[in-house]
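J.: Chain C is already provided as a structure; the job is to place chain A on it using the hints.
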Amino acid sequence: MIRFNQNAVDIDPAAETQRITDFLRTNVRSGMKRRGAVVGISGGIDSAVVLALSVRAFGAANVTAVMMPDCDSDPLSERLARELAARYGVEPLLEDITEALVGFDCYRRRDGAIRRVFPEYDAAKGYKAKIVLPPDLLEAGTFNVYSVTIVAPDGREETRPLGPKEMLEITAASNLKQRSRMSVLYYHAEARQFAVIGTSNKNEHAQGFFVKHGDGGVDIQAIAHLYKTQVYQLSRHLGVPVDIQRRTPTTDTYSAACDQQEFFFRLPFSTLDPIWYARENRIPVPEVALSMGMPEVQVQRVFDDIEGKQRTTEYLRLSPPMLDAAKPMYA
Amino acid sequence: MDMKIPIEAAIRSFISSNLLYSDEGFPYDDDASLLRERIIDSLGVVELAAFLGQRFGVRVEQAEVRPENFDSVARLAAFVRRKQDAVVRPEAAEAV
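Chains C and A are the protein sequences, given in the same order.
Going by the working numbering, the first sequence opens with residue 1, and the numbers climb by one from there.
Going by the working numbering, the second sequence opens with residue 332, and the numbers climb by one from there.
Isolated chain C (complex conformation) (with noise of 0.2 Å):
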């Protein structure tokens, strides 16, 4: 019988690892018919996991980290990726994706939607915008609705709902960021024969928070099993640079800054990732509430939200569905 604890998604990281590079050789060597592994790499901790995982399969030579900056991103993760990249013996390529966004219209097109919620907002002028979720999941059982907050040059925020059709033209623009460095990953690739490495844990992965054929556009995902904290773990034992596993995760998508948690998670890992072990392995509402020293309710609504963005997010994970052959006219 499993018994529940706060401990419960911890792993033995060495055999984890052993077991992940197993899996990561096997299928890219053996199946794909790959010589080693491309990554993008963002100075965030799945990125460099992942990397450091890739280089124990393959060998620093069999392998290719990318670092896909654009004018929205935080300066600070190209140092980290680069400081990740020194640690693993990877020489990494600087990809900057800016003009091929503007090519793509993406700043217009988002910054159009914006605007029509905030009229004053410019980016020219030192404006910065991002896209949250209410926060405190805990506390209010409200929908995953999101909002647009604008923060003015002298700091000011100020937030306001988005309506139906700006949350999908934004949402759509930003898209077009994630979709650019998934062609510019498979470029590397294709010129090396390698494979394109996945950077996504189980949480994006199982809860849609990743773009279909953007970062979720890869060949092998070496991490979409790992809960956030499991992927901590596996940090601490491959020696992640302790400044990448310190970072609040990003997503480093938006101009104005934006944690993980206020734009899709609602609540912090260490809470999320027990209770949803526990949904999983259907441990009852009560134990969870007790072992975690949370009202019941609470857990509850935890599990709620990750049962509704596990629904509502098939469609991400769904391969394009086909017909089987069609009947021959004289069979």
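These aren't lab readings, by the way, just hints derived from the structure by calculation.
Please note that a few of the clues may not be correct.
To be verified - Away from chain A, derived, C-beta distances all over 10 Å, residues of chain C:
# : residue
1 : 18
2 : 126
3 : 161
4 : 243
To be verified - Below, a sample of chain C positions facing chain A; criterion: calculated Cβ distance under 10 Å:
# : residue
5 : 168
6 : 252
7 : 304
8 : 317
Built from N, CA and C at the ideal position, the CB exists for glycine as well.
T.: Below, chain A without anything else, positioned relative to chain C:
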């Protein structure tokens, strides 16, 4: 005039045409959970909020976009009636 049927019918019609993309109308009870039945996602909630404003002239505050008000046709209709009552009788706003 009893507005009960028109409000529910209008909501069902909107969901059917704009969220279910269905040729079969709205094949659920008015009490069916729109989330649990996979009828709406977060975008659908936003679209519903916009629809309530346009169709019934009610202003939906972000704090009101909650399952208690939005998770079934019956709850949506009740929410609209409370909002409309609050316009006619401001003291009823306390109940919204």
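J.: Now look at each hint and say whether the structure bears it out.
T.: Evaluation of the provided hints:
1. 18: holds (39 Å)
2. 126: holds (27 Å)
3. 161: Contrary to the label, residue 161/C does not stay out of reach of chain A, its closest Cβ about 5 Å off (not over 10 Å).
4. 243: Consistent with the label, residue 243/C stays out of reach of chain A, its closest Cβ about 34 Å off (over 10 Å).
5. 168: holds (7 Å)
6. 252: Violated: closest Cβ of chain A sits about 22 Å from residue 252/C, beyond 10 Å.
7. 304: It holds, given that the least Cβ distance between residue 304/C and chain A is near 8 Å, below 10 Å.
8. 317: violated (14 Å)
Taken one by one, the earlier hints fail for this structure at numbers 3, 6 and 8, listed in ascending order.
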